[in-house]
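Engineer: Protein chains in written order, with my numbering: chain F, -1 to 650; chain P, 77 to 423; chain C, 1083 to 1370.
Since the hints were derived computationally from the structure, they do not count as laboratory data. None of the hints are false.
The calculated SDA-like cross-link candidates involving lysine to any residue, where the alpha carbons are at most 20 Å apart (straight line), are:
(1) P/Lys394 / C/Lys1098
(2) P/Lys415 / C/Ala1189
(3) C/Lys1098 / P/Met386
(4) P/Lys382 / C/Leu1285
(5) C/Lys1182 / P/Glu417
(6) C/Lys1356 / P/Ser397
(7) P/Lys401 / P/Thr411
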Amino acid sequence: MEPKIGVYICHCGTNIAGKVNVEEVAEFAGKLPYVVVSKAYKFMCSDPGQNLIVEDIKKLKLNRVVVAACSPTMHEPTFRRTCQEGRLNQYLFQMANIREHCSWVTEDKVEASEKAKAIIAGAVYKATYLEPLEVKKVKINPHTLIVGGGITGIQAALEIADSGHKVYLVEKEPSIGGHMAQFDKTFPTLDCSACILTPKMVQVAQHQNIKLFSYSEVLEVSGFVGNFKAKILKKARYIDPDKCNGCGECALKCPIKVLSEFDEKLGMRRAIYKPFAQGVPNLFTIDKEHCTKLLKDKCGLCEKICPRGAIDYEQKDEIIEVSVGAIILATGFQIFDARQMPQYGYGRLGNVITSLEFERLCSANGPTGGKIVLKDGTEPKSVGILHCIGSRDDRFHPYCSRVCCMYALKYSHLIKEKTGAEVYQFYVDMRCFGKGYEEFYNRLLEEGVHFVRGKAAEVTDFAVYKGEEGKLIVRCEDTAIGAIRRIPLDMVILANALEAKDDAKELARIFSINTGADGFFIEKHPKLAPVSTTTDGVFIAGCCQGCKDIPDAVAQGAAAASEALSLIDRGEVEIEPYTSIINADLCSGCKTCIELCPYTAIEFDEEKKVSAVNDALCKGCGTCVAACPSGAATAQHFTDKQIFSEIEGVLA
Amino acid sequence: MKNNVSILVVDDEPIVCDSCKKILTEKGFTVETALNGEEALKKFKKGDLDIVIVDLKMPGIDGMEVLQSVKKSKPEVDVVMITGYGTIPSAVEAMKLGAADYVPKPFTPKELGQIISQVVEKRSKLVAEKAPKKGAILLDVFKKPSKVAYHPERVWVKDIKIEEALDENFLNEVRSTPGGERVMDCMQCGTCSGSCPLSYRMDYTPREINAMVRAGLRDEVLSSNSIWMCSSCYLCTVRCPRQIKITDIMYALKNLAMKDKRFLKKAKSPLLSKYFVAIVNRYGRNHELELTLKFFLRANPRAILKHSLMGLRLFLRKRFSLFPKRIKNINQLRTMVRKAEALGGLR
Amino acid sequence: MKYTYYPGCSLEVSSKSYSDSALAVSELLGIELVELEDWNCCGATVYLSYEELISFSLCARNLALAEKYDRDLAVPCSSCYTSLKKTATYIQENAELRDKINQALQAAGLEYKGKVNIKHLLEVYVNDIGLDVIKSKVKRELKGLKVAPYYGCQIVRPLHGFDDPESPTSLDRLTEALGATPIYFPNKTSCCGSSLIATNEELAFRMQKDLLLCVSGNDAEVIITVCPLCHMALDAYQKKVGKMYGFNFKIPVLHFTQLMGLALEIPSKKLGIKTGLVPLNKALMAYI
Ligand SMILES: Cc1cc2nc3c(=O)[nH]c(=O)nc-3n(C[C@H](O)[C@H](O)[C@H](O)COP(=O)(O)OP(=O)(O)OC[C@H]3O[C@@H](n4cnc5c(N)ncnc54)[C@H](O)[C@@H]3O)c2cc1C
Ligand code: SF4
Ligand code: SF4
Ligand code: SF4
Ligand code: SF4
Ligand code: SF4
Ligand code: SF4
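Working from the sequences, and respecting the hints, build out all of it.
Structural biologist: Laid out in structure tokens, this is it:
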């Protein structure tokens, strides 16, 4: 059948029409081969715009449609639906991007119009050779994999599990809880962190729909939306989880002391340990890096002590494979290492501490039982909190970490309440944007906290003036009063930036998603698809996507859960038919493609002695097409003919 | 209660002169009088005066002119204007030109006494601040130096900033120098000023200078002492979270102030630069003795004596040379300098 | 190893002992320092304040002269080092500046292609020669001598990349290699204020006072410097600063090469040890 092409050029308000002479371009397009109609319209994506197409398909018997407008990631699905409405196969539609690729990036109006013409001609030429294709439908596995058991992952897991679907929750550490478990109180309401978190952790442990893999990591993921397979490494704890009841006798006797990671190395734990008393699951773990039995075959005390015979030095790492339909990543953040800014003295001056160290000092289950004390055990009489350490700084992280202003306020209150010390905040801007946050700021203003507007320039122990002996001196410009100040303090708390975890890139690779310039995982669209990623079926939530506080993290966890549920409830997914096919008549059976296919999607038909593509596995990467010496493989919707024709069009 | 402050009263009405003299002598000041501008300037040149009280409106050399020439030759002398009009414009004008204060006519002895003692108090504070503290204590007792410390170059009074008076092009001048490109990125965090070893004495801290450059406060910036206080230690530059090269901006501003000579009346640093440049252009290298001598002769002759002892000790250790060393190919260097000059600098 | 040597104006006369000791030490370490023929003043902070383009051109002339030899340029003065390095960097980064400087150079029959590698003398010793080699050449360990390794500002700033701009360690490590003990010294990269001595003595003295207080408070027996201007500020003015603030400072100040010379047993006369204005103390006399 002779192609009959309709071309539609969108003004996109002034976005395109402001630079491209749309009428002139429409006239040009009308003269291209096989084009029977060419129109320009203000907003093609609007209802009247779409109707234009539907009517033309019916009236003029169009069998190809080209829309020149914005990026296909924006509106290709829209216009495909339009074509379907007009009873035209959706793959006979071609989009030409004359906004992002043209009007937005071209200064000169004449040049922009010429470029638009070239792009449209390419699309028209390609459209000539388009062929109808059918979408594939695949069943969705109803289980979900959640990676990261912080508050975000916990929230998502509970939402999904409560709806009756199965969740695999993978947590790297021996216990779930994430950073929130380390806190004493949470801003702005100052509710006790443990009181609101622990019940949720216990729920996770007890929920029949949640299978928790603690002390575990995801090694590998394969498959596609609705049909993922994940390999989980379950690290050996050297303890039989069915026997251990968490009594803790073992740890009391274990002779090996190690600096506790959970306590930010301010306290000690044993080689056999549970990170904190309320940890979930209620299991102990032997740290093989330090246990002398595992290192040098000495000791073995815990085995003798354990009343339940739960110790198993022979336990091995396990790899478990699970099949899931959706994946949620909630791997959280880490804090900036302030040693990179030696001017603040962290690591050199004992009473300069990080935010997380302070959380542990302040926490009732922390190393000091919640007493805020200096390294020598005495109470500080004055404390400074230095904002924006490593944040809003082009040398480290240009972004604002969003929570430190608020936790600095929280600290001020706790310090005043517990020690009565004078508190100084050295801030650049107070960012109190959330619900109830400004009110909290106001409360602290009334409590008499000293707000010094100016970023601390340095912390030194070199006393020059009276009252500075033996103190930490913060030097800064108080920009509000226009003076340089030196303020002697007993303790300095750094508001370290939140940053992407060191292994974020590696995780992104495993899950085929991307990290942004700031190191965090990138969402599909910052406003309209905040928890989706460019890989269908993989969602992100919480601080692994960017800095946020608990309310936002929880909201995102719930959002990701509902996205996953909505996917699962669909029952099946449509998959773009962009797979390759191998023409059996041309295939010589050389098997070149089989070795090269990165998704092991090609099988060899021993009977016919030819290769054949399994289109459920094929991702349409085109490797086989390029490699096949007989030219037997073609990529549907991206055939050689279509591509060469498109190039011809662009150059014509 | 004699004090050692000497005052000259200038007014064309003898009765005003006399009554002022009486009031002030009672307060312990040494007072002289003059009946017109000419006489005043003569007396001023001869004597070692601290304060001049002068009537604004006089035949011949008027009060404004007296003020100007006093400030020009001895900026440390305070001038108080007597004005018969008492109107804001003339007073403000006089203050802008450096007057310490003004007394509207008619005035009571008490009023005059108050104003003069304020001026004296301010002076003594400044003098005290200038002289560093002594005493064998380990720790200094820190007194915050006043931000309005005395600067000979500074004649500004606070006023509303009118948009019309701002210089839009100033920002571009600074932005077009190497290192000045990012001045727009400043977020006013104050890290630079907090780090700067000298900002506490600057008219405006480096952070403020950035903001003023952006706002177009050209005259204030170029006449401030800030730019000449910068010791080029680059601490601000390495610490600025926005990676703004503040030290380079300071250099750009020094260059601009140098070009625009009206900002350099009494500043010492530009003088030093000028002599240094002349010596380098002459020999291709610095000659420390010549530079020191020339500079102090102009800037502070008395200091030469103070420095000569150290000079002698350095000389004895062969660390002072009497004669300059000229490079061989000085002509090449001069051709290059001339060409660079002809290119008109960086902006 | 052979380097082109740019002494700078201060090392010609007022800090000749720095140059003398640097040459003597280098020779012992197997380094040949060949003085750059007909070098001119780098312009320092003072010329740069007057007119940037000419000042950059002055540095560019030196670079153009140095480029004739296929050697790195070794600079003992931190101020010269920064001027030269900054010029080289800006010539690379800023096309307009490069163009103008090239025009000025051309007028004088010179050309600079941007190939000279500029190194501070400390960098040459610590990175190129290496502390192990230096240690092996030490003849007389300076056991127990408490040294304040003072970097000052311009050797590490702005970001020259050879050591940390906030807490550099190269001079501390060098001190250790000589067998001496580097003291804890929080002000080790503070500015010495030398550029203000002539124009604003009070402020400069205050900076020097803080430095001297910090050094003496931490029991240093000698200060070592890597810049002739720092040396001048702390040595020549030490007495005056002390007098002004009521302290009796008596801390000898040596160029770091002089201290190296002592450990390498170079005769103290050759090192010009006694040309400082602050008299040597007992701790130091032990090595002379
Ligand atoms: C000092 C400080 C104080 C704060 N105070 C408050 C406050 O008072 N109020 C408030 O609202 N917010 C506060 N916040 C913010 C709050 O910490 C975060 O919003 C919240 O912790 C985000 O939760 P999350 O689950 O996304 O990340 P996280 O808490 O970081 O949890 C991530 C979890 O994933 C696990 N994980 C990481 N990588 C992997 C992997 N590869 N495989 C498996 N598991 C992995 C981690 O072990 C961890 O358990 C504070 C933050 C800081 C730094
Ligand atoms: S391992 Fe044994 S002793 Fe240790 S907590 Fe478990 S049950 Fe108790
Ligand atoms: S065997 Fe290991 S974990 Fe057990 S008590 Fe001994 S050191 Fe501790
Ligand atoms: S939240 Fe506050 S302290 Fe944290 S980076 Fe942002 S502005 Fe700085
Ligand atoms: S296009 Fe070819 S190589 Fe790529 S996944 Fe499909 S069959 Fe494999
Ligand atoms: S440190 Fe940088 S960003 Fe901060 S005030 Fe100074 S110039 Fe501006
Ligand atoms: S370079 Fe100048 S402005 Fe910057 S910190 Fe040093 S003295 Fe201050």
